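Chemist: Protein chains in written order, with this note's numbering: chain A, 75 to 329; chain B, 75 to 329; chain C, 75 to 329; chain D, 75 to 329.
Be aware that one or more of the hints could be misleading.
Just some of the chain D residues that point at chain C, by a computed CB distance under 7 Å [what the hints assert, rightly or not]:
id: 1; residue: Met75
id: 2; residue: Ile78
id: 3; residue: Asp126
id: 4; residue: Gln131
id: 5; residue: Val132
id: 6; residue: Asp133
id: 7; residue: Ile134
id: 8; residue: Asp136
id: 9; residue: Gly138
id: 10; residue: Ala140
id: 11; residue: Ser169
id: 12; residue: Pro232
Hints are computed from structural coordinates only; laboratory data are not their basis.
Since the model is a prediction, treat every value here as computed from it, not as a measurement.
We put the beta carbon where it would ideally sit given N, CA and C, even for glycine.
4 protein chains.
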Amino acid sequence: MDSIDIEYVESPELAEPVLIEGLPGVGHVGKLAAEHLLEELDSELVARLYADEFPPQVDIDDEGIASLTCASFHAVYTDGDGPDLLVLTGDHQASTNDGHYRLTDAILDVAEEFGSQRAFALGGVPTGELVEEYTVLGAVTAAEQKAALEDAGVEFRPDEPAGGIVGVSGLILGLGGRRGFDSVCLMGETSGYLVDPKSAQAVLEVLQEILDFEVDFGSLEDRAEEMEEVVGKIREMQDQQQAQLPTDDELRYIG
Amino acid sequence: MDSIDIEYVESPELAEPVLIEGLPGVGHVGKLAAEHLLEELDSELVARLYADEFPPQVDIDDEGIASLTCASFHAVYTDGDGPDLLVLTGDHQASTNDGHYRLTDAILDVAEEFGSQRAFALGGVPTGELVEEYTVLGAVTAAEQKAALEDAGVEFRPDEPAGGIVGVSGLILGLGGRRGFDSVCLMGETSGYLVDPKSAQAVLEVLQEILDFEVDFGSLEDRAEEMEEVVGKIREMQDQQQAQLPTDDELRYIG
Amino acid sequence: MDSIDIEYVESPELAEPVLIEGLPGVGHVGKLAAEHLLEELDSELVARLYADEFPPQVDIDDEGIASLTCASFHAVYTDGDGPDLLVLTGDHQASTNDGHYRLTDAILDVAEEFGSQRAFALGGVPTGELVEEYTVLGAVTAAEQKAALEDAGVEFRPDEPAGGIVGVSGLILGLGGRRGFDSVCLMGETSGYLVDPKSAQAVLEVLQEILDFEVDFGSLEDRAEEMEEVVGKIREMQDQQQAQLPTDDELRYIG
Amino acid sequence: MDSIDIEYVESPELAEPVLIEGLPGVGHVGKLAAEHLLEELDSELVARLYADEFPPQVDIDDEGIASLTCASFHAVYTDGDGPDLLVLTGDHQASTNDGHYRLTDAILDVAEEFGSQRAFALGGVPTGELVEEYTVLGAVTAAEQKAALEDAGVEFRPDEPAGGIVGVSGLILGLGGRRGFDSVCLMGETSGYLVDPKSAQAVLEVLQEILDFEVDFGSLEDRAEEMEEVVGKIREMQDQQQAQLPTDDELRYIG
Numbered sequence: 075m076d077s078i079d080i081e082y083v084e085s086p087e088l089a090e091p092v093l094i095e096g097l098p099g100v101g102h103v104g105k106l107a108a109e110h111l112l113e114e115l116d117s118e119l120v121a122r123l124y125a126d127e128f129p130p131q132v133d134i135d136d137e138g139i140a141s142l143t144c145a146s147f148h149a150v151y152t153d154g155d156g157p158d159l160l161v162l163t164g165d166h167q168a169s170t171n172d173g174h175y176r177l178t179d180a181i182l183d184v185a186e187e188f189g190s191q192r193a194f195a196l197g198g199v200p201t202g203e204l205v206e207e208y209t210v211l212g213a214v215t216a217a218e219q220k221a222a223l224e225d226a227g228v229e230f231r232p233d234e235p236a237g238g239i240v241g242v243s244g245l246i247l248g249l250g251g252r253r254g255f256d257s258v259c260l261m262g263e264t265s266g267y268l269v270d271p272k273s274a275q276a277v278l279e280v281l282q283e284i285l286d287f288e289v290d291f292g293s294l295e296d297r298a299e300e301m302e303e304v305v306g307k308i309r310e311m312q313d314q315q316q317a318q319l320p321t322d323d324e325l326r327y328i329g
Numbered sequence: 075m076d077s078i079d080i081e082y083v084e085s086p087e088l089a090e091p092v093l094i095e096g097l098p099g100v101g102h103v104g105k106l107a108a109e110h111l112l113e114e115l116d117s118e119l120v121a122r123l124y125a126d127e128f129p130p131q132v133d134i135d136d137e138g139i140a141s142l143t144c145a146s147f148h149a150v151y152t153d154g155d156g157p158d159l160l161v162l163t164g165d166h167q168a169s170t171n172d173g174h175y176r177l178t179d180a181i182l183d184v185a186e187e188f189g190s191q192r193a194f195a196l197g198g199v200p201t202g203e204l205v206e207e208y209t210v211l212g213a214v215t216a217a218e219q220k221a222a223l224e225d226a227g228v229e230f231r232p233d234e235p236a237g238g239i240v241g242v243s244g245l246i247l248g249l250g251g252r253r254g255f256d257s258v259c260l261m262g263e264t265s266g267y268l269v270d271p272k273s274a275q276a277v278l279e280v281l282q283e284i285l286d287f288e289v290d291f292g293s294l295e296d297r298a299e300e301m302e303e304v305v306g307k308i309r310e311m312q313d314q315q316q317a318q319l320p321t322d323d324e325l326r327y328i329g
Numbered sequence: 075m076d077s078i079d080i081e082y083v084e085s086p087e088l089a090e091p092v093l094i095e096g097l098p099g100v101g102h103v104g105k106l107a108a109e110h111l112l113e114e115l116d117s118e119l120v121a122r123l124y125a126d127e128f129p130p131q132v133d134i135d136d137e138g139i140a141s142l143t144c145a146s147f148h149a150v151y152t153d154g155d156g157p158d159l160l161v162l163t164g165d166h167q168a169s170t171n172d173g174h175y176r177l178t179d180a181i182l183d184v185a186e187e188f189g190s191q192r193a194f195a196l197g198g199v200p201t202g203e204l205v206e207e208y209t210v211l212g213a214v215t216a217a218e219q220k221a222a223l224e225d226a227g228v229e230f231r232p233d234e235p236a237g238g239i240v241g242v243s244g245l246i247l248g249l250g251g252r253r254g255f256d257s258v259c260l261m262g263e264t265s266g267y268l269v270d271p272k273s274a275q276a277v278l279e280v281l282q283e284i285l286d287f288e289v290d291f292g293s294l295e296d297r298a299e300e301m302e303e304v305v306g307k308i309r310e311m312q313d314q315q316q317a318q319l320p321t322d323d324e325l326r327y328i329g
Numbered sequence: 075m076d077s078i079d080i081e082y083v084e085s086p087e088l089a090e091p092v093l094i095e096g097l098p099g100v101g102h103v104g105k106l107a108a109e110h111l112l113e114e115l116d117s118e119l120v121a122r123l124y125a126d127e128f129p130p131q132v133d134i135d136d137e138g139i140a141s142l143t144c145a146s147f148h149a150v151y152t153d154g155d156g157p158d159l160l161v162l163t164g165d166h167q168a169s170t171n172d173g174h175y176r177l178t179d180a181i182l183d184v185a186e187e188f189g190s191q192r193a194f195a196l197g198g199v200p201t202g203e204l205v206e207e208y209t210v211l212g213a214v215t216a217a218e219q220k221a222a223l224e225d226a227g228v229e230f231r232p233d234e235p236a237g238g239i240v241g242v243s244g245l246i247l248g249l250g251g252r253r254g255f256d257s258v259c260l261m262g263e264t265s266g267y268l269v270d271p272k273s274a275q276a277v278l279e280v281l282q283e284i285l286d287f288e289v290d291f292g293s294l295e296d297r298a299e300e301m302e303e304v305v306g307k308i309r310e311m312q313d314q315q316q317a318q319l320p321t322d323d324e325l326r327y328i329g
């Protein structure tokens, strides 16, 4: 196997599709969002990307059938007047610095192969606390992209995220921009501690406005409710533990 | 030395031999099973595989003679009507992600060189607790392989092992499958905490039924008994320690 | 992208410019010093260096515009009779041993491209305690360089720094020296615990004497004052905490 | 710079010199032994080996002069009838598995360049406790080497060292043996906790008998005495600390 190996499965004619990247990251926001598009919209697997930077691993499906771990490109056809999408999903990022560069270069190669010149990297940005209002932060490679995004509710904050944007999402901008891609990163605010379907929904709501398509959020809302229950139980347990601890007053009488 | 260096020692004519991989892993199940085949059956060293992904190390034999650490291929001739075996054993997996890919590619090259188109990767799957019944889990690269394996007692469980199968065993399926190998992974259930000869025996019992050969399990049973003694002693020590701890009732009167 | 990718932005005619390296390191002394030169003197971006050894990351500017992380070369024109400067700044060193070698080789290639044959690597040397007098230590690739540096107040101590000089600064000497560069490392003493603008100023004061230029230190002194305040607050907090702890005398009566 | 770069300094005519390797390792036994040969015998620097697997570092000499870290080959001329020596010393091993293979291959290339076909890798073998009698263990690449070594007091123990021999010393045997080198590893027993000049002397005493030369051990004995003093002080401090702890009897009356 080559260091990176692209397996083309289908070759549909796509009209300047928009690359949507949703690999694992903070709060799994990008991954949840991209997978939701595949579940809800008309989609077709078009290519698999194998990389020796991914773990040496096969995944097992519900029949016990093993397949080499990979990232997948799906063509997604939306109902509205918007462009076709080329959605990248998978379970892994690269495992080394230079591996991230080679992986992202290969991803952009595939996107160009399908005629794409525009990319949205989806992800989360950690706030460190529970999020009440799901703001979506943006970063772009050229200033003229900002107005349309701001109209769709995206916020741009000076020098944020402070540590830059790392991983494949960052390089979709960094390497994509150098190749002439019109690249945008949409980052949903999220605590950073939990998988966050609500943040994924916030990101998708921006995306559907910009790219003029519509998607049903029912299943994502269901997952959000499940997460709420989990969070609720964690809080209850914490409260109980604190109730069992002696109060400051009680502590005064010990010893 | 090249990154991977194959040293062919013998060139016997083998009729479509079956590759059996048994490198170190969970409970050393695969390694124990493969080494047991070499001890009990008529075998011949046919090739050594050196790799700069292995530790920079020589092994010392019982005469004080040093030899560069390597993985070994043995031709194994069984008594029954079953195929010849090409058994891969060794003390190491690769040390990096991409190293696993290159190592497994080289292993499959050697297997093809001997005419093999079929592979069994042997290993263990951790249960996290002491195992009473030694079930053997299976994973395959194509659905039509399942029936014969299920007849031999192999279980297929949806999406298990949950984290996929990693290391050379995983790639024997993943890369082997992409090359057209008929690849199977047999995983003996094992606690994951101890070397487990019983789990290795369970895997071999499946293998001998599928590949139509017979092997004596006396020495493996002896090792299993030794392990039982070790486990027994650990339990005794744990019991004694607990006996020395004050009971909850006793604790109530302290302080 | 290549493993290392140089993007030339401007091609000014420079007369044997002196390479000044200020990448992150102990007390950020080198980075502070090099960035201060860019802020205070007449400078021009001439080249960017991208490397897959840098983190896979984009940096976000104050407009929310993303750019691939890189190291930058600026031509700096001084007022005095001294030579032009070629100042290297950035946020990262390499992430592996061999990466440092390749990165520094590329840096020296760029410097040669602009006609440079002389280099100053700026950095800090940790003392492990608060520094009162900011001595600047030196290391050179040839003994005849020492006299002029000692005249400018640089100290040379046998076998110091004891562990050698590591990272790009070290290799500017090690690889630069082997190429015929006249390489010097100037290391400002610094505690090693904090960003240290005073140490950076000490290094620059030596540099301006050797290279015959003048730079205003107002802004660096302001940052030094800010750091003093931070240090002061840390000390106060430590003092308060100690005041709240029982004294040895008080402890004697407990229990 | 290439990944490994050999700089030939002198080209003396050596008659089948014996490679002596003494890089850092357990108890620094090999390094101490090799450096002692350079100090005591008539020697000449013949080559430097630079490698991007070494730390990115310059070493500073007693004049403040920096030089790129490297391993060094010295020709050593002994007084007796024994062969010339080619002594390899340095401060580093490689930093990755494959780097060790490439580094050792390069070392053997240089040795062959000087006509060497015989090698002694010097090192220590950890016992985990203070050593009273300094036995020297041996490992060889061919059984016929053993008799002469046993005559010189070298012990061969089945399957020891249990974990094999790792690092450059191991590969001098492993890769050297595959090239036809007559390779021997001499391992002085040592606690493994401290630099051990006595163990280095034990190794050299074997070496001088086998290779028919004589070396004075005065300076090594001085270092051994210094180490004894250090060990003595550590023991005193431990004894004092224990004296300050309450005895079991005293503890019985607490609480």
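Chemist: Are the hints correct? Go through all of them and say.
Modeler: Here is how each hint holds up against the structure:
1. Met75: 6 Å, holds
2. Ile78: Violated, because the Cβ-Cβ distance from Ile78 of chain D to chain C comes to roughly 10 Å (cut-off 7 Å).
3. Asp126: Asp126 of chain D check passes; min Cβ-Cβ to chain C is 4 Å, inside 7 Å.
4. Gln131: Interface hint status for Gln131 of chain D: holds (5 Å vs cutoff 7 Å).
5. Val132: The hint holds - Val132 of chain D has a Cβ within 7 Å of chain C, the shortest such distance being about 4 Å.
6. Asp133: 5 Å, holds
7. Ile134: Check passed: Cβ of Ile134 of chain D comes within 5 Å of chain C, closer than 7 Å.
8. Asp136: 4 Å, holds
9. Gly138: At about 3 Å, which falls below the 7 Å cut-off, the nearest Cβ of chain C leaves the hint on Gly138 of chain D intact, so it holds.
10. Ala140: OK, holds: Ala140 of chain D within 7 Å of chain C, min 4 Å.
11. Ser169: 5 Å, holds
12. Pro232: Violated, because the Cβ-Cβ distance from Pro232 of chain D to chain C comes to roughly 38 Å (cut-off 7 Å).
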